[in-house]
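Protein chains in written order, with this note's numbering: chain R, 1 to 422; chain B, 1 to 442.
Think of the hints as simulated: they come from the structure by calculation, not from any bench.
Hints are supplied without guarantee of correctness; some may be wrong.
[What the hints assert, rightly or not] Beyond 10 Å from chain B on every Cβ pair, some chain R residues (computed): (1) Arg33; (2) Phe96; (3) Lys119; (4) Thr223; (5) Lys247; (6) Pro318.
[As the list claims (entries may be wrong)] Listed next, the in silico EDC-like pairs over lysine to aspartate or glutamate satisfying Cα-Cα at most 16 Å (straight line): (7) B:Lys398 <-> B:Glu434; (8) B:Lys18 <-> B:Glu315; (9) B:Lys43 <-> R:Glu363; (10) R:Lys335 <-> R:Asp371; (11) R:Lys67 <-> R:Glu215; (12) B:Lys68 <-> B:Glu126; (13) R:Lys67 <-> B:Asp61; (14) R:Lys418 <-> R:Glu372; (15) R:Lys67 <-> B:Asp24.
Just so we're clear, the structure is a prediction, and the values are computed from it rather than from any experiment.
Positions of the beta carbon are idealized from the N, C-alpha and C atoms, including for glycine.
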Amino acid sequence: MPDLRTNTGGIQSPNPFWLASAPPANSGLQVQRAFEAGWGGAVWKTLGVTIQNVSSRFGAHTIRGVKGAGFTNIELITDRTLEINLREIAETKRLFPKNPIIVSLMVETEEDWREIIKKSIDAGADGLELNFGCPHGMCERGMGSAVGQEPTLNERITSWAVRYSTVPVLVKLTPNVSDIIPHGLAAKRGGAHGVSLINTIKSIIAVDIDRFVLEPRVALLSTNGGYCGAAVKPIALHMVASLAREKRFGLPISGIGGICNWRDAVEFMLLGASTVQVCTEVMLRGYGVVEDMIDGLEEYMRTHNFSTIDQLVGKAIPSFSEWGNLDLNYETVAKINADTCIGCQLCVQACHDGAHQCIHPEEGTRVPRIDESECVGCNLCEIVCPVPSCIEMVQVNNSHAPASWNDFVTDGKKLRPKKGVH
Amino acid sequence: MTTPPLATRTESSFEDFKLPLMRDGAIAEANRCLFCSDAPCIKACPTAIDIPQFIRKISTDNVHGSAKTIFEANILGMSCARVCPVEVLCVGACVYNDLHQPPIAIGKLQRYATDIAYERGWTFFEAGPSSGKRVALIGAGPASLAAAHELRRFGHACTIFEKRATLGGLNTTGIAPYKMKADRSVSEAEWILSIGGIDVKMGVTIGQDVSLAQLESEFDAVFIGVGLGIDSTLGIAGETLMGVHGAVEWIERMKLEALDLSSITRAVVIGGGNTALDAVRETRGLGIANVTMLYRGRRDGMSGYAHELESALMEGVSIEWQATATALTGEGRVQRVSCVRLDQSKRPIAGSDFTIDADLVLMAIGQSKLSAMFDDMHGIAFDHGRIRVNANGFTGRKRWYAGGDCSNGGMEVVNGAAEGKRAAHAIHACFEAEKSGAHTHA
Numbered sequence: 001m002p003d004l005r006t007n008t009g010g011i012q013s014p015n016p017f018w019l020a021s022a023p024p025a026n027s028g029l030q031v032q033r034a035f036e037a038g039w040g041g042a043v044w045k046t047l048g049v050t051i052q053n054v055s056s057r058f059g060a061h062t063i064r065g066v067k068g069a070g071f072t073n074i075e076l077i078t079d080r081t082l083e084i085n086l087r088e089i090a091e092t093k094r095l096f097p098k099n100p101i102i103v104s105l106m107v108e109t110e111e112d113w114r115e116i117i118k119k120s121i122d123a124g125a126d127g128l129e130l131n132f133g134c135p136h137g138m139c140e141r142g143m144g145s146a147v148g149q150e151p152t153l154n155e156r157i158t159s160w161a162v163r164y165s166t167v168p169v170l171v172k173l174t175p176n177v178s179d180i181i182p183h184g185l186a187a188k189r190g191g192a193h194g195v196s197l198i199n200t201i202k203s204i205i206a207v208d209i210d211r212f213v214l215e216p217r218v219a220l221l222s223t224n225g226g227y228c229g230a231a232v233k234p235i236a237l238h239m240v241a242s243l244a245r246e247k248r249f250g251l252p253i254s255g256i257g258g259i260c261n262w263r264d265a266v267e268f269m270l271l272g273a274s275t276v277q278v279c280t281e282v283m284l285r286g287y288g289v290v291e292d293m294i295d296g297l298e299e300y301m302r303t304h305n306f307s308t309i310d311q312l313v314g315k316a317i318p319s320f321s322e323w324g325n326l327d328l329n330y331e332t333v334a335k336i337n338a339d340t341c342i343g344c345q346l347c348v349q350a351c352h353d354g355a356h357q358c359i360h361p362e363e364g365t366r367v368p369r370i371d372e373s374e375c376v377g378c379n380l381c382e383i384v385c386p387v388p389s390c391i392e393m394v395q396v397n398n399s400h401a402p403a404s405w406n407d408f409v410t411d412g413k414k415l416r417p418k419k420g421v422h
Numbered sequence: 001m002t003t004p005p006l007a008t009r010t011e012s013s014f015e016d017f018k019l020p021l022m023r024d025g026a027i028a029e030a031n032r033c034l035f036c037s038d039a040p041c042i043k044a045c046p047t048a049i050d051i052p053q054f055i056r057k058i059s060t061d062n063v064h065g066s067a068k069t070i071f072e073a074n075i076l077g078m079s080c081a082r083v084c085p086v087e088v089l090c091v092g093a094c095v096y097n098d099l100h101q102p103p104i105a106i107g108k109l110q111r112y113a114t115d116i117a118y119e120r121g122w123t124f125f126e127a128g129p130s131s132g133k134r135v136a137l138i139g140a141g142p143a144s145l146a147a148a149h150e151l152r153r154f155g156h157a158c159t160i161f162e163k164r165a166t167l168g169g170l171n172t173t174g175i176a177p178y179k180m181k182a183d184r185s186v187s188e189a190e191w192i193l194s195i196g197g198i199d200v201k202m203g204v205t206i207g208q209d210v211s212l213a214q215l216e217s218e219f220d221a222v223f224i225g226v227g228l229g230i231d232s233t234l235g236i237a238g239e240t241l242m243g244v245h246g247a248v249e250w251i252e253r254m255k256l257e258a259l260d261l262s263s264i265t266r267a268v269v270i271g272g273g274n275t276a277l278d279a280v281r282e283t284r285g286l287g288i289a290n291v292t293m294l295y296r297g298r299r300d301g302m303s304g305y306a307h308e309l310e311s312a313l314m315e316g317v318s319i320e321w322q323a324t325a326t327a328l329t330g331e332g333r334v335q336r337v338s339c340v341r342l343d344q345s346k347r348p349i350a351g352s353d354f355t356i357d358a359d360l361v362l363m364a365i366g367q368s369k370l371s372a373m374f375d376d377m378h379g380i381a382f383d384h385g386r387i388r389v390n391a392n393g394f395t396g397r398k399r400w401y402a403g404g405d406c407s408n409g410g411m412e413v414v415n416g417a418a419e420g421k422r423a424a425h426a427i428h429a430c431f432e433a434e435k436s437g438a439h440t441h442a
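With the hints as extra help, turn the sequences into a complete structure.
What follows is the structure, encoded as structure tokens:
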């Protein structure tokens with residue numbers, strides 16, 4: 001049986017699945033139910049200054065009928081009192097001593113940080129997460145992403161937190177920056193034990209086209225929100241991987257961003273995350289989604305002979321390189337399996353309108369023909385094909401030795417003739 | 001021009017067999033559509049509706065655009081959505097069948113868009129500027145309606161001659177009521193006529209009230225859309241007994257009138273085509289306890305659709321395969337059907353006689369053709385009673401065109417719609433050619 005236990009910056013967890021700091025981790029009863037359902041840990045909804053929320057707060061991006069493929073919120077940090085939250089953290093720790101509770105924090109002054117850190121640890125926090133990421137509301141008050149976007153502030157506040165904390169400190173990073181690396185390095189200089197990313201992306205989820213108001217609508221106004229959910233996963237993966245492959249960084253990572261199932265979790269782990277945090281999928285489907293995450297991960301680990309989570313973490317990082325290192329002489333072409341082809345010809349349309357015009361209808365059959373001499377191996381046909389494994393990209397054993405752009409520029413290596421430039 | 005109030009008609013007791021889609025269901029179903037290139041469903045539609053396009057528009061809540069796409073190809077799109085045998089047309093061609101997944105519910109999606117168009121009173125087309133040309137159309141069924149609408153878009157004046165009191169032809173009088181009721185077909189016809197410039201002469205029988213020669217002299221072109229004639233008979237004893245009817249005639253009465261079926265408990269329908277299947281499902285649906293279909297061939301040789309047969313069997317209809325009636329007996333009113341079993345060559349098997357008690361017998365063995373009315377029209381020829389036409393609906397007699405059941409032998413509403421529209425284009429092309437001095441038919 002694979003061992004799912006994880007250690008992220010000194011925070012031990014029975015499995016890598018944590019609730020992210022968000023509405024599903026808003027109260028003791030919720031977190032307790034989540035632990036009962038199988039969640040390994042929970043990052044408590046951010047404690048800090050007293051706030052009041054608006055209605056409505058959430059919005060959904062619908063893609064081809066899938067409502068919530070992207071998601072947004074304009075909710076702020078906890079709107080419950082510090083006392084209630086601390087009491088419930090203590091109670092939850094008493095009931096679930098093995099499940100780590102990481103308390104998310106967001107306050108202003110050094111004194112504020114010292115005080116709230118002490119109270120959180122006294123309540124039983126196994127770790128702290130500094131919320132330097134919230135892109136709406138709090139940043140206008142000089143907190144959240146206002147800190148995360150400014151490396152010197154990030155470093156300074158992190159160093160305060162580390163100074164006053166007796167438990168590991170994770171810094172939650174905002175994706176609302178052009179390059180994540182300086183921000184990860186700032187957290188490291190501040191002494192953080194790890195980072196979690198990504199927080200939500202500054203965004204407008206939709207416009208009510210009849211009322212001419214952004215969504216989610218608060219009377220006749222709205223504001224930018226924090227984008228999350230399945231649709232943000234690619235952005236999150238890139239930022240996680242960027243830090244994981246950065247030699248100067250080296251801190252543990254808790255991955256966040258569009259994780260809906262065990263497959264998503266595995267991808268984050270292969271790119272360097274030792275734990276993953278989930279919010280939107282729980283908001284849309286409830287705590288029960290963790291069951292599939294756990295046994296899907298276990299089966300994956302068995303299939304690949306991984307016995308511990310450490311063996312997965314970062315395993316795909318060596319494959320993440322610069323474009324200039326990619327082998328330009330590596331050649332693939334599309335092949336259609338005529339036996340499984342259903343004749344929808346989506347590949348014909350896609351290739352003609354969106355690619356390189358090398359897939360053609362054939363007289364007397366619905367199965368199209370691929371002109372391999374023109375096929376650039378772009379994958380578009382394989383992507384639009386509705387039949388699993390019907391179109392495969394097959395490597396062509398050409399006679400050209402591997403040569404990247406960098407090889408070409410620096411060593412003058414020979415590149416194969418271009419295709420699809422008719 | 002209108003049918004009697006719904007409540008007084010026998011057909012009004014039927015519910016829809018296929019339930020309509022609500023908005024959310026329609027959008028969800030529309031989102032399943034793959035938007036195939038050179039889509040097989042379009043090729044399977046006689047009117048070549050751009051099905052992926054109208055479905056995509058439903059998925060984006062662009063119902064107006066969706067309905068326009070449908071009606072642009074088929075002005076009878078509302079009734080076709082209900083009455084088309086989609087299982088053997090568009091839905092049967094859906095690539096999802098090959099993926100072993102449920103095919104897209106194209107008929108239901110088309111009904112969703114077109115019903116909304118009717119509910120909201122949308123119209124999409126305007127008559128073209130007047131051309132000065134006049135076209136006569138014989139019959140007010142689907143083929144003539146489609147032809148007239150298309151001719152009006154070209155600006156040609158139209159006059160429809162209809163011998164009955166109702167519009168819509170067999171679409172009004174012959175559709176199984178669990179698919180569509182008569183009043184809906186009539187309102188469709190009225191909606192089509194709302195383009196304006198189509199003069200409808202009801203209760204006028206061509207060949208009696210107005211001669212063909214008269215039509216030819218008064219109009220620039222004539223479209224024949226007369227459908228088929230009365231039900232054929234077997235020529236056996238007892239066919240004149242009370243309770244014995246042609247299926248088409250009985251279905252028409254069931255749809256337009258209030259029939260007294262209180263004393264009827266056993267019905268026998270003779271035939272194996274789609275009219276026979278409609279008749280057994282309808283009699284069964286009206287509460288007649290014992291309904292038997294008598295067909296001289298085997299299941300795999302019947303012309304009726306397999307999906308209709310499945311429904312009939314599910315609804316409790318009995319079927320006697322490879323059997324036929326030899327006599328109908330009863331005192332005044334039919335009481336039983338004498339039958340005999342047939343061998344593979346449909347020859348009677350000696351000693352295999354049996355009887356079925358029946359108080360209603362419907363003959364669904366085909367309809368007569370109306371070729372006699374065109375006897376004097378040189379150039380209009382017949383094949384097995386069907387008016388011979390070329391691919392454009394041209395008969396061979398200058399300026400005479402035909403479409404629908406009278407030339408295709410009895411197909412679907414959608415075929416009539418396609419053929420009417422096609423003939424309209426040919427008529428228009430003929431007028432255009434004459435204008436430019438060229439000489440053409442087709």
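A quick look at each hint next to the structure:
| no. | hint | result |
| --- | --- | --- |
| 1 | Arg33 | 30 Å, holds |
| 2 | Phe96 | 40 Å, holds |
| 3 | Lys119 | 48 Å, holds |
| 4 | Thr223 | 26 Å, holds |
| 5 | Lys247 | 46 Å, holds |
| 6 | Pro318 | 38 Å, holds |
| 7 | B:Lys398 <-> B:Glu434 | 12 Å, holds |
| 8 | B:Lys18 <-> B:Glu315 | 14 Å, holds |
| 9 | B:Lys43 <-> R:Glu363 | 15 Å, holds |
| 10 | R:Lys335 <-> R:Asp371 | 10 Å, holds |
| 11 | R:Lys67 <-> R:Glu215 | 14 Å, holds |
| 12 | B:Lys68 <-> B:Glu126 | 13 Å, holds |
| 13 | R:Lys67 <-> B:Asp61 | 15 Å, holds |
| 14 | R:Lys418 <-> R:Glu372 | 13 Å, holds |
| 15 | R:Lys67 <-> B:Asp24 | 12 Å, holds |
Consistency note: the structure conflicts with none of the earlier hints.
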